[in-house]
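Protein chains: 2
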Amino acid sequence: MKDIAIIAFDKFTDIDLFLMWDILGRNTTDWRVRILGPQPSLRSAHGLEVRPHGPLADASQADAVLFSSGKEGVPAALADPAFLAPLTLDPQRQAIGSICAGAFFLDRLGLLPGRQATTHPDARGVLQSLSIEPLDQPLVCHHRVATAGGCLAAVYLTGWLIETLFDADKRRATLLPVLPTGQREVYEALIDFSLRQARL
Amino acid sequence: MKDIAIIAFDKFTDIDLFLMWDILGRNTTDWRVRILGPQPSLRSAHGLEVRPHGPLADASQADAVLFSSGKEGVPAALADPAFLAPLTLDPQRQAIGSICAGAFFLDRLGLLPGRQATTHPDARGVLQSLSIEPLDQPLVCHHRVATAGGCLAAVYLTGWLIETLFDADKRRATLLPVLPTGQREVYEALIDFSLRQARL
Chain C
0 MKDIAIIAFD
10 KFTDIDLFLM
20 WDILGRNTTD
30 WRVRILGPQP
40 SLRSAHGLEV
50 RPHGPLADAS
60 QADAVLFSSG
70 KEGVPAALAD
80 PAFLAPLTLD
90 PQRQAIGSIC
100 AGAFFLDRLG
110 LLPGRQATTH
120 PDARGVLQSL
130 SIEPLDQPLV
140 CHHRVATAGG
150 CLAAVYLTGW
160 LIETLFDADK
170 RRATLLPVLP
180 TGQREVYEAL
190 IDFSLRQARL
Chain A
0 MKDIAIIAFD
10 KFTDIDLFLM
20 WDILGRNTTD
30 WRVRILGPQP
40 SLRSAHGLEV
50 RPHGPLADAS
60 QADAVLFSSG
70 KEGVPAALAD
80 PAFLAPLTLD
90 PQRQAIGSIC
100 AGAFFLDRLG
110 LLPGRQATTH
120 PDARGVLQSL
130 SIEPLDQPLV
140 CHHRVATAGG
150 CLAAVYLTGW
160 LIETLFDADK
170 RRATLLPVLP
180 TGQREVYEAL
190 IDFSLRQARL
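Here the protein sequences line up with chains C and A, keeping their order.
Per numbering that gives the first Met the number 0, the first sequence runs over residues 0 to 199.
Per numbering that gives the first Met the number 0, the second sequence runs over residues 0 to 199.
Among the hints, a few may not be true.
Since the list gives no way to pick out one identical chain from another, each pair is judged satisfied if it fits inside one copy or across any two copies.
[As the list claims (entries may be wrong)] Below, computed lysine-lysine pairings styled on DSSO-like, alpha-carbon distance capped at 27 Å: (1) 10 with 169; (2) 1 with 70; (3) 10 with 70; (4) 169 with 1.
Worth flagging that the hints you see were computed from the coordinates, not collected in a lab.
Quick caveat: nothing in here was measured; it's all calculated off a predicted structure.
Just chain C, with the same shape it has in the complex (with noise of 0.2 Å):
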């Protein structure tokens, strides 16, 4: 069974932790998804309390890490040293991820060298003062590091991620409970476009 650690913080956006435990929640035998957490308590941006599964540490033995974002959270988390000092990721083993904002972790650990990502539009900017070329599309992959962005991009990221870890039929068995009556075709459409742009 495999092991995916979304990370959290204070202040994290709600909708860019709880799509993506939502998505990933829904399989319980090929997966566990768990919440990780610098602190045993994490209030989101608008107010919500929520209760981490375990430390920031068991990123270090997870098969997939995904990072939320937080326009107030991800700054405040980066200018804490010992934010980031208990994850030892690498990609070769793992398979990373962030959404939005996230991106700023992924480069802080090192795990950009092809300087091209995404994230979302209002963060462009600090992406480009990085010396990161921003990419005008929702998903972006060197090997197994992904950066998403625009909230709604976690159902590509997500998709990434179990194709990624599995395969492409576990991928659209895992978002169709998701998708919007009626408008299955064409959402299905856009995640296989989305996710072919998406490999540099």
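Let chain C serve as the given structure and place chain A on it in line with the hints.
Relative to chain C, chain A alone:
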């Protein structure tokens, strides 16, 4: 300032609460959004604890009421005579909506006299068993009552709500921040199409 209530209960589908919560929670000047529930602590289908902001009775005074969903949570709530009892809703003065199996609450409250609605594809048969025609589309609106189906259709439901309470410009501004990077046009076209299609 408008008052928007999201109804939750034990074993709610995580995304069916949190997606509406986050999309609506980003605006703090035109409306206030609160999660209402039958007891001080709720547990999501995937095990997250949420503490509602108020009791269900508060929904009777809200300008808008949105019902979340839950494969196990909705039948359990409907089986409890005390659950819907505090709710006195009126589509003449309130906008009322549901995602997925939340449609069954609307039916129980007598809010679907047109006998047409949408829900999650997996719950289609339940609608039919209630003599409601399931329409194969993500959003169905009748005056100020809307049903949505398929988790991501929460984007359309919240869009419909803001356009109903305010106008199309505010609806676009509300949804823009969650759209995938590089795909704003295609999603805005999907949203426009779904809202037009929705009107019976």
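State the violated hints by number, sorted upward, taking the hints as numbered earlier in the document. Violated hints: none; all satisfied.
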